[in-house]
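**Q** Letter by letter, the chains look like this.
Protein chains: 2
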Amino acid sequence: MAEFNNVTVVKKANIYFDGKVTSRIVQFADGTKKTLGIMLPGEYEFGTDSKEIMEILAGELKVLLPGETEWLEISGSGEFTVPANAKFKLQVSSVTDYCCSYIHE
Amino acid sequence: MAEFNNVTVVKKANIYFDGKVTSRIVQFADGTKKTLGIMLPGEYEFGTDSKEIMEILAGELKVLLPGETEWLEISGSGEFTVPANAKFKLQVSSVTDYCCSYIHE
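Those protein sequence lines, which keep their order, are chains U and Z.
Just so you know, the first sequence maps onto residues 21 to 125 in the working numbering.
Just so you know, the second sequence maps onto residues 21 to 125 in the working numbering.
Because the hints were derived from the structure by calculation, they are not lab data.
None of these values were measured; they are calculated from a predicted model.
Where hints are given, some of them may not hold.
Because identical chains cannot be distinguished in the list, a pair is counted as satisfied if it fits within a single copy or across any two copies.
What the hints assert, rightly or not - In the SDA-like style, the derived pairs of lysine to any residue whose C-alpha atoms are separated by at most 20 Å in a straight line are:
no., residue 1, residue 2
1, K109, V29
2, K82, H124
3, K31, P103
4, K31, A106
5, K31, V115
6, K32, E63
7, K53, F100
8, K71, D38
9, K82, G51
10, K32, S95
11, K71, E99
12, K82, V30
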């Protein structure tokens, strides 16, 4: 899906890590939420509240998912899922464009 | 307006200057278009096709508008207008969140 129709976009960005990670909230008619974001090269740790599905639209990065010892490599496009209430680490090596879906189960 | 309702958002980001400037396109039911973007500290020159109204939502920057010799300073929030087919310069000193409206006259 190249675009999201009939959505609400929160105007102000979420800004993390001095602007190296930024995102905007997209709300859907069914009450679900996604964020569209950009991560610049760097190392980050994030925590989840709900389950998250991270779709990588462009970029190069490695992901260390909770409970894993091996980094998952993503180049260009890919997807990974993080459970609720978990932490995960990212090593971003080129500008990464992502779409994060928040899944309430 | 804190959010845009009933809009279409293009999923993929526009990425400029190695990711130091990024934006996403928001399309409105009336056919108009805005971009929501982030600029990291740096110096940039942009060119316009249509007239643009740049609303600064957060950040610190100086703007040199076409034909001007004095830089306009914006801190926190502000707005400036750039005519169509013109160039303007920005000196961004802290992470800047913006909303750009494209005006076809």
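**Q** Which hint numbers doesn't this structure obey?
**A** 1, 2, 3, 4, 6, 8, 9, 12
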